[in-house]
Amino acid sequence: MEKPALFRGTGEGITMVLNPNAQFHEILEFLKGILEERKTFFSGGAVTVDPNGVPLGKSEINLVKELFQNFGVEFKLKGGIELHKKEELEAVPENKEAVVIQQTLRSGQCVNSQGNVVILGDVNEGAEINTTKNVYIFGIIRGIVNAGDHIVSLGFQPLRMTINGIQFDEKFVEKTYRKPRIAQVVNEKIVIKILGEKKSLRRK
Amino acid sequence: MGRAIVITSGKGGVGKTTITANLGASLAKLKKKVVLVDMDIGLRNLDVVMGLENKIVYNIIDVAEGRCKIVQALIRDKHLNNSLFLLPASQIHTKDDIDIDKICEIIRAIKGSFDYVLVDSPAGIEHGFDSAITAADEALVVVTPDVSSIRDADRVIGLLENRGIDGTSLIINRHNPTFAKRKKILDAESIVDVLGIDLIGIIPEDPQVMEFTNKGEILVLHKNNPTAKTFQNTAKRIEGEDIPFLDLKKKKSFFNLFKKK
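The listed protein sequences correspond, in order, to chains A and B.
Numbering follows the numbering used here, in which position 53 of the first sequence is assigned residue number 53; successive positions increment by one, without gaps.
Numbering follows the numbering used here, in which position 93 of the second sequence is assigned residue number 297; successive positions increment by one, without gaps.
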């Protein structure tokens, strides 16, 4: 299997060339692994990232930037800042309560809203939802979701997920659910529970 | 302050009374003080299952109507005579004779002096059911692996939600894992998937259950077979112990006899 990214030494220093066939989360995991493995080698240095056809939106760039910063590596993007533009969908709340997107949100698509957002499908990797209210997804989250209070979904495999600024930091889990689960902030951590979970008889 | 748990199902004949008796006995064996209350007014059965029908002097309607005190109506179990008690139902009245407020007072009073009050609910969702769930804090819903039972249980769970019941768990009775595997009956996972409440016990189909009922003896007080173990495990889970569900599929083979369970 091809590596998600290749290292190249050039006159300008080290360049990381991304594999256009790789998923972004694979690339991120791979980069994390390399940086951990060769901490001392990279730390204090600078790495140029060549997207090489991989669509990188603002959020993805920030994720890579943050990752590098954590390891003390300076981040540069090849070819200036020519960001892949995210296609913004019409997101005017019809009834001031929720905007409903009747399809899977595809890579490159973005929903910015002031109200609740309902997606009748998945949120694919490379898609993004931003709202101060809540998000309800009839599918799986693989992309980026930033909400205000809670997120309901059938699967949580987000590239990045935040609620009211607090980030979801669980490892990638391949689980999907038949019934919806809700992600909420409990004691400053994002916790995923069964929606409408009832108390049992088991003594606590 | 004890826990008042109603054992209900909607559907009749799924095993509420048998489970009330065996669960109550299992809790008593865990050193708890338990009262079993028969709320099937007019069709009492808990006394028969416990073999105490000859010992009944007063019943719950007598207490409700002021003819006696609670303690006078309580009957000690034949074997666990310091920890397991029965408050029998009346056989001559009907459910229309039940004063719900009085029943509520009685259950609350018993709760004050015992660790567990298990209320055996009648089938149905009418006045009898209402009176059984009054004063209960928690509910055990009993199903058998068939669609009728599950539909009724679903209805009951919905009703329980609206009546201030704080905790609900499920017991699957008369389970047959071989049949379930062959898709002849529903398996535990499918049942839990539909009903969406915590599963706290799986009791297997066992002809010995009826045998013991007919003898007026509680199974868990006489046997330590797999069925008895499932009742005991359920009691332990109610008490907070985390016990994984037994693999009931293990066939009795020559080698298994020497395996330590």
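There may be inaccurate statements among the hints.
BS3-like mimics (lysine-lysine), calculated; alpha carbons at most 30 Å apart, straight line [as the list claims (entries may be wrong)]:
hint, chain 1, residue 1, chain 2, residue 2
1, B, LYS315, B, LYS440
2, A, LYS199, B, LYS315
3, A, LYS175, B, LYS387
4, A, LYS175, B, LYS385
5, A, LYS179, B, LYS419
6, A, LYS198, B, LYS273
7, B, LYS388, A, LYS204
8, B, LYS388, A, LYS179
9, A, LYS171, A, LYS198
10, B, LYS235, A, LYS76
11, A, LYS65, B, LYS440
12, B, LYS440, A, LYS179
13, B, LYS273, A, LYS175
14, A, LYS204, B, LYS233
15, B, LYS387, A, LYS179
16, A, LYS193, B, LYS419
17, A, LYS204, B, LYS236
18, A, LYS198, B, LYS433
19, B, LYS419, A, LYS199
20, A, LYS65, B, LYS385
21, B, LYS388, A, LYS76
22, B, LYS419, A, LYS133
23, B, LYS419, A, LYS198
24, B, LYS273, A, LYS199
25, A, LYS204, B, LYS419
26, A, LYS204, B, LYS237
27, A, LYS204, B, LYS387
28, B, LYS236, B, LYS388
29, B, LYS282, A, LYS199
30, B, LYS282, B, LYS388
31, A, LYS193, B, LYS233
Keep in mind that the hints were calculated from the coordinates and are not lab data.
Okay, the hints, checked on the actual structure:
no.: 1; hint: B:LYS315 x B:LYS440; in the structure: holds (20 Å)
no.: 2; hint: A:LYS199 x B:LYS315; in the structure: holds (20 Å)
no.: 3; hint: A:LYS175 x B:LYS387; in the structure: holds (25 Å)
no.: 4; hint: A:LYS175 x B:LYS385; in the structure: holds (24 Å)
no.: 5; hint: A:LYS179 x B:LYS419; in the structure: violated (45 Å)
no.: 6; hint: A:LYS198 x B:LYS273; in the structure: violated (37 Å)
no.: 7; hint: B:LYS388 x A:LYS204; in the structure: violated (36 Å)
no.: 8; hint: B:LYS388 x A:LYS179; in the structure: holds (25 Å)
no.: 9; hint: A:LYS171 x A:LYS198; in the structure: holds (26 Å)
no.: 10; hint: B:LYS235 x A:LYS76; in the structure: violated (69 Å)
no.: 11; hint: A:LYS65 x B:LYS440; in the structure: violated (52 Å)
no.: 12; hint: B:LYS440 x A:LYS179; in the structure: holds (29 Å)
no.: 13; hint: B:LYS273 x A:LYS175; in the structure: violated (57 Å)
no.: 14; hint: A:LYS204 x B:LYS233; in the structure: holds (20 Å)
no.: 15; hint: B:LYS387 x A:LYS179; in the structure: holds (23 Å)
no.: 16; hint: A:LYS193 x B:LYS419; in the structure: violated (47 Å)
no.: 17; hint: A:LYS204 x B:LYS236; in the structure: holds (17 Å)
no.: 18; hint: A:LYS198 x B:LYS433; in the structure: holds (27 Å)
no.: 19; hint: B:LYS419 x A:LYS199; in the structure: violated (37 Å)
no.: 20; hint: A:LYS65 x B:LYS385; in the structure: violated (52 Å)
no.: 21; hint: B:LYS388 x A:LYS76; in the structure: violated (63 Å)
no.: 22; hint: B:LYS419 x A:LYS133; in the structure: violated (63 Å)
no.: 23; hint: B:LYS419 x A:LYS198; in the structure: violated (39 Å)
no.: 24; hint: B:LYS273 x A:LYS199; in the structure: violated (34 Å)
no.: 25; hint: A:LYS204 x B:LYS419; in the structure: violated (37 Å)
no.: 26; hint: A:LYS204 x B:LYS237; in the structure: holds (19 Å)
no.: 27; hint: A:LYS204 x B:LYS387; in the structure: violated (35 Å)
no.: 28; hint: B:LYS236 x B:LYS388; in the structure: violated (39 Å)
no.: 29; hint: B:LYS282 x A:LYS199; in the structure: violated (35 Å)
no.: 30; hint: B:LYS282 x B:LYS388; in the structure: violated (40 Å)
no.: 31; hint: A:LYS193 x B:LYS233; in the structure: violated (35 Å)
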